[in-house]
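Enquirer: Heads up: the protein sequence lines correspond to chains A and B, in order.
Per the numbering used here, the very first residue in the first sequence carries number 1; after that it's consecutive.
Per the numbering used here, the very first residue in the second sequence carries number 1; after that it's consecutive.
Among the hints, a few may not be true.
[As the list claims (entries may be wrong)] For lysine-lysine, the following DSS-like pairs were computed, each having C-alpha atoms within a straight-line distance of at most 27 Å:
(1) K279/A / K349/A
(2) K87/B / K11/B
(3) K282/A / K349/A
(4) K11/B / K125/A
(5) K125/A / K199/A
(6) K87/B / K209/A
[As the list claims (entries may be wrong)] Listing some non-contacts, in silico: residues in chain B with all C-beta distances to chain A over 12 Å:
(7) V5
(8) K6
(9) A14
(10) Q16
(11) V18
(12) S25
(13) E27
(14) D36
(15) L38
(16) E42
(17) I44
(18) A50
(19) V83
(20) A84
(21) K87
[Said to hold, decoys possible] A partial selection of chain B residues facing chain A, derived with a Cβ cut-off under 8 Å:
(22) V41
(23) F51
(24) N58
(25) A59
(26) E61
(27) F67
These are calculated hints, taken from the structure and not from any lab test.
Glycine is no exception: its CB is placed at the ideal position from the N, C-alpha and C atoms.
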Amino acid sequence: MNRVVITGQGTINALASSAADTFEAFREGRCGIGPLDIRDVERLAIQIGGQVRGYDPQQEFNRQEISLYDRFTQFTLHAAREAISQSGLVFQGELAAQSGVILGTSGGGLNTQDENYRAVYEEGKNRVHPFVVPKLMNNAAASHVSMNYNLKGPSFTVATACASSNHAMGQAFNFIRSGMAKVMITGGSESMLCFGGVKAWEGLRVMSKDACRPFCANRNGMVQGEGAAVFVMEDYEFAKARGAEILAEVVGFAMTSDASDIVMPSRQGAARAISGAMKDAKINPAEVGYINAHGTGTTANDKTECAAVSDAFGAHADNLMMSSTKSMHGHVIGGTGAIELLACIMALKDGVIAPTIGYEEPDPECALDVVPNEARDAQVDVVLSNAFAFGGLNAVLALRRA
Amino acid sequence: MAASVKDQVVKIIAEQAVLEVSDISMEASLEDLGIDSLGLVESIFAIEEAFDISVPFNANEPEASAFDVSSVASVIAAVEGLVAEQKS
């Protein structure tokens, strides 16, 4: 089995448009959540989100590209450019054939769907732009990354709601580990902050109108975000031979299904995924110093997740740190695990643990060290990243300091 | 009018619980009737549609909203209040 390392990272999210600036925001405990600036926002009950602001597609893409790239694809390409450039890789010949793209998204080109449904239903138009289908399809982002960088190996898109990115990155990891690929571009993207995207979530009545306060006694729900994060994963020997800078090593991955409820999380399902990732990584639970929580800020998720961590770690649950950066960038749905992996890399590489901001009062059902409000300096060797999706599909990654 | 709100709410709850209207007691909690969290948000949606009102209810803090879902009677009272408030 090959060892797998991360040699490039890139992002755009409500906090920043690069990995370095996102780390700075994490260190400062900055909040990227604010009033939504979208069409028909006045008809929404939920009017806040972790929206990417100050982003001008025309600065990054030409007119023909914009006509083909939904916002979720644009975010992906922005993040991929940063990640691949950092890795220093150029994909040609045999390497191109052995390298692919696996990305996560839940809604795909939802803005494109929203705009075009409006055109035909609300405005009564009988014609839509010819690129609607290639723009909205869930695999559009993966395909454009593949085309832009000449990646000719295994490439596809994973859609498992809020666990999409973790499932995608887990596949990328296993493709390299098993020798099916040498380099994989992986991560995820979401752009669901349009009228239809937010309205659909409102219906579930799990959204907060004011803030995302994970693990806090007075938390009152999740806040949607948008953005992307993309990573370059590669075979360790290959990375070492070419003298690449290694940001972190991916050491384990596990996925489980609750097989029980379409929306309610399961303590057992989550605990099995957490334990499974540690077993896959052949690590002792006591080695884990930090967990980037799924931590959505809903009553159900946060207490179930804390109980699952207690089950998986026993007494060590009280020694480790677990924070939810969703408090800062919002819940980026299918892209969230990728953006949250940045906090894992920052913990391992820089020794800084991103905080759970907006934390006001302890909840006895979430009695772990959630790194409230302020980032903390701490050297950790092994970290986990949790993602637990609607539909009961769980995916947990384990990373080790390079 | 009050009786009609009651009848309609009971009908919605009965349908959600897959019970006869006559089996719905005023004191029962929705949980007693076998209505889970998804059933609750679906019932609230049906109530909003039936009365053309907006129900302020966040599943994360049921106690924080004025919409009291602790019993069938409390739901009916809350709907009556919202209808009076939003239809006046």
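Enquirer: Using Cβ atoms and 12 Å as the threshold, tell me whether Q16/B really stays out of contact range of chain A.
Expert: 15 Å, holds
Enquirer: Beyond 12 Å from every Cβ of chain A: is that where the Cβ of A50/B lies?
Expert: 16 Å, holds
Enquirer: According to the definition I'm using, a residue is off the interface if its beta carbon is farther than 12 Å from all beta carbons of the partner; does I44/B meet that for chain A?
Expert: Check fails; 7 Å does not lie beyond 12 Å.
Enquirer: Can the restraint linking K282/A and K349/A be considered satisfied, given a maximum Cα separation of 27 Å?
Expert: At roughly 21 Å apart (the allowed maximum being 27 Å), K349/A and K282/A satisfy the hint.
Enquirer: Checking one constraint from the list: CA of K11/B to CA of K125/A, max 27 Å. Satisfied?
Expert: 40 Å, violated
Enquirer: Does the structure keep K279/A and K349/A at a Cα separation of 27 Å or less?
Expert: 23 Å, holds
Enquirer: With chain A as the partner, please determine if F67/B meets the hint condition of a C-beta pair closer than 8 Å.
Expert: Check failed: Cβ of F67/B comes no nearer than 10 Å to chain A, outside 8 Å.
Enquirer: Does the claim that E42/B lies outside the interface with chain A hold up, using a Cβ gap greater than 12 Å?
Expert: 10 Å, violated
Enquirer: Checking the smallest CB distance to chain A, is V83/B really beyond 12 Å?
Expert: Given a closest Cβ separation of 19 Å, the condition holds.
Enquirer: Please check whether the beta-carbon of A14/B is more than 12 Å away from every beta-carbon in chain A.
Expert: 21 Å, holds
Enquirer: Hint validation: E61/B versus chain A, beta carbon distance must be below 8 Å. Holds or violated?
Expert: Given a least distance of 5 Å, the restraint on E61/B holds.
Enquirer: According to the definition I'm using, a residue is off the interface if its beta carbon is farther than 12 Å from all beta carbons of the partner; does S25/B meet that for chain A?
Expert: 25 Å, holds
When each numbered hint is compared with the structure, violations occur for hints 4, 14, 15, 16, 17, 23 and 27.
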